[in-house]
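A.B. asks: What follows is each chain in one-letter form.
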Amino acid sequence: MTAYTEKAQTWRRQFHRALVMVKKNARLYYLKPPVLIFGILFPVFFFLAFKIGRPVPPEDIVPGMVAMALWFTASAIGPLVTPWERQAKTYERLISTPVSLKAILAGDVISGLIFGACLSLIPIVLGLALTDAHVASVPLLAAGVLLGGLSFASMGILLAAPHASSPSNIMLLSNLVRLPLLFVSGIFVPISQIPAWARWAAWVSPLSYAGGVIRRGFGLRAYFPIWLSVLMLLVFTAGLIWAACRFHRRSRAKGL
Amino acid sequence: MPTVIEVHKLTRRFGELLAVDHAEFQVEQAEVFGFLGPNGAGKTTTIRMLTGVIDPTEGTASIQGHDIRTEPLLSRAHLGIVPEDANVYLDLSVWRNTMLMAELHGVPRRQRIRDAERLLDLVGLAGRKQQKARTLSRGLRQRLMLCTALVTRPEVLFLDEPTTGLDVQSARLIRQTIRELNRGGLTVFLSTHNMDEAEGMCSRVAIINKGHIAAIDTPDRLRSAMRSSQYVEAGFAEPAPDAMDLEKLAGVSRAICERENVRLYTETPGQVAAEVVRFADTNRLQIVQLCTRKPSLEDVFLQFTASSKVEAEE
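Protein sequence lines, in the order shown, are assigned to chains H and S. The first sequence begins at 1 in our numbering and counts up one residue at a time. The second sequence begins at 1001 in our numbering and counts up one residue at a time.
A portion of the hints provided could be inaccurate.
To be verified - Which residues of chain H face chain S? A few of them, derived with a C-beta cut under 10 Å, are:
| # | residue |
| --- | --- |
| 1 | Leu28 |
| 2 | Asp60 |
| 3 | Ile95 |
| 4 | Thr97 |
| 5 | Arg221 |
| 6 | Lys254 |
What the hints assert, rightly or not - Some chain H residues flagged as far from chain S (calculated, every beta-carbon gap over 12 Å):
| # | residue |
| --- | --- |
| 7 | Gln14 |
| 8 | Tyr29 |
| 9 | Leu31 |
| 10 | Leu36 |
| 11 | Ala88 |
| 12 | Tyr91 |
| 13 | Ser96 |
| 14 | Asn175 |
| 15 | Leu176 |
| 16 | Val189 |
| 17 | Ala201 |
| 18 | Trp227 |
| 19 | Cys245 |
Keep in mind the hints are simulated off the structure, nothing from the lab. Every residue, glycine too, gets a C-beta built ideally from N, C-alpha and C.
Can you build the whole structure from these sequences, using the hints too?
C.D. replies: Next up, the structure:
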């Protein structure tokens, strides 16, 4: 067997094991209260807080709702799974199996992506059914959801890297990052209308780019050009996964 | 027999604390290797390094020829682990816990279903397949751990105090299962506090103390090596004579008297037994019981770990 085929086989095996992790995460964590609270209730309350008493056409809110739902759901899995498993000591079992750390993290990212993509279908369907919103480009909407979900889930596994005595500490940390970014990413107010300092902050938020692609999918205008948004989402995903691998490896080396 | 685990200068520091200090040992195929030591001696840290949970600070080890540092996935492919605390997934059923571990080890579908059925039956969990692990008692969870470790068909099974705190039935079942599997060629690395368990199961034992490997040998040889801890035990029909008088007998290094019984430590138990008979004749004492004894594994363990206890008390 050549070195190339051997490597390919190892990758195939590890990918398969990442999918086993996805199955495990879906069974164990999709219905955990913190995921449901931060992933579903948060976006709903934010929507109500934004909508009530404001003369914004409902169809203009739908893309923001989709992006926000995706943001909270896709990034909710990572900060829950690893700290929870560390506390229950099941994480020790995982890392003593022939599954690489990258495969474990890939499993968490895919879990977040699937969870986010599935739940963001709810505001899409409701928006299409109850408002005048319409999908102008299915590929753009799909790209926004998939690439956005991927980068948000990658951010989730990075947030899960620090060691914490309780999973709730990591959930708090993740909200410390997610909530401020929500307000500078053009979800409630278009990026062009927010203060200059916030416009600068929008550049470092993956939500700005995902939100933009989703808006284009609904036929609305976006602050960033499509090509830049897609590129930035890919860069964010790669960068966040790279950083997550590094920090998780460091935590493991310390025996945390 | 080929070497299955080879440990070379394995060291782990946690900040200033030296948890394991240049440990060196080998475990051969189909051996039950006991790993004994007091709390905090470095047993679990050694197991955690060998099973890939933490990285060594220095040194290395190999499992089935695969270096734990350079080929971690291959070395872990041969392992099964039963830790002290059964860390099963509490919200998964018994069946799903077993399947998950098999799938993570890449066990083919048909084989994992067949093996899981057989193993769950073997450990008495066949009737609880659909029950969530959360509802199982500690003993049953530990049986499930054993099952999830064995369903991967490991070549080396690491057991970290597997029977601590278990009910008699569960502990016995686990020991019995391990013995049977070992007869079939499974290599077992057993960390335990239970000296009877180590004595009854292990072909060789290592005693680790403060991170150092203090001794490695068969339980028999370790006991024999401690010649000064051999003793003669005698029981009299009347209260035992004074210890000072008994210590004057040839070959006796120390005498302990308790009601009708005496224990005489010696390097020459045969000679001392004859001396005791002579002493009883002279003093018109009636001996009701007389036997020579080698030190138990517990005596050996205490001898090698005594220094740490003294320091702890100081």
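A.B. asks: All the hints need checking, so say for each whether the structure fits it.
C.D. replies: Verification of the supplied hints:
Because the closest C-beta pair between Leu28 (chain H) and chain S is about 6 Å apart, less than 10 Å, the hint holds. Of the supplied interface hints, the one on Asp60 (chain H) is violated, with its beta-carbon coming no nearer than about 41 Å to a beta-carbon of chain S, more than 10 Å. Hint on Ile95 (chain H) holds. Least Cβ distance to chain S is approximately 6 Å, under the 10 Å limit. A least Cβ separation of about 4 Å between Thr97 (chain H) and chain S falls short of the 10 Å threshold, and the interface hint therefore holds.
Because the closest C-beta pair between Arg221 (chain H) and chain S is about 46 Å apart, greater than 10 Å, the hint is violated. A distance limit of 10 Å between C-beta atoms decides the matter here; for Lys254 (chain H) the minimum to chain S is near 8 Å, and the interface restraint holds. Its closest Cβ contact with chain S, about 8 Å, brings Gln14 (chain H) to no more than 12 Å, contrary to its assignment away from the interface. For Tyr29 (chain H), the requirement that its beta carbon stay farther than 12 Å from each beta carbon of chain S is not met, with the minimum near 9 Å.
The Cβ of Leu31 (chain H) does not lie farther than 12 Å from every Cβ of chain S; its closest approach is about 10 Å, which violates its non-interface assignment. Every Cβ of chain S is farther than 12 Å from the Cβ of Leu36 (chain H); the closest lies at roughly 15 Å, confirming the non-interface assignment. The claim that Ala88 (chain H) lies off the interface is violated: its Cβ sits roughly 6 Å from the closest Cβ of chain S, which falls inside the 12 Å cut-off. Non-interface call for Tyr91 (chain H) relative to chain S: violated, since the shortest CB-CB distance, roughly 9 Å, does not exceed 12 Å.
Interface exclusion of Ser96 (chain H) from chain S breaks down, the closest Cβ pair being 4 Å apart, not more than 12 Å. Annotated as non-interface, Asn175 (chain H) keeps its C-beta farther than 12 Å from every C-beta of chain S; the closest such distance is 24 Å. With a closest Cβ-Cβ approach of about 28 Å to chain S, Leu176 (chain H) is found to remain outside the 12 Å limit, as its non-interface label requires. No beta-carbon of chain S comes within 12 Å of the beta-carbon of Val189 (chain H); the shortest separation is about 41 Å.
No Cβ of chain S comes within 12 Å of the Cβ of Ala201 (chain H); the nearest lies about 38 Å off, and the non-interface call holds. Every C-beta of chain S lies more than 12 Å from that of Trp227 (chain H), the closest at about 39 Å, which supports listing it as non-interface. Its beta-carbon lying about 15 Å from the closest one in chain S, Cys245 (chain H) satisfies the requirement of being farther than 12 Å from that chain.
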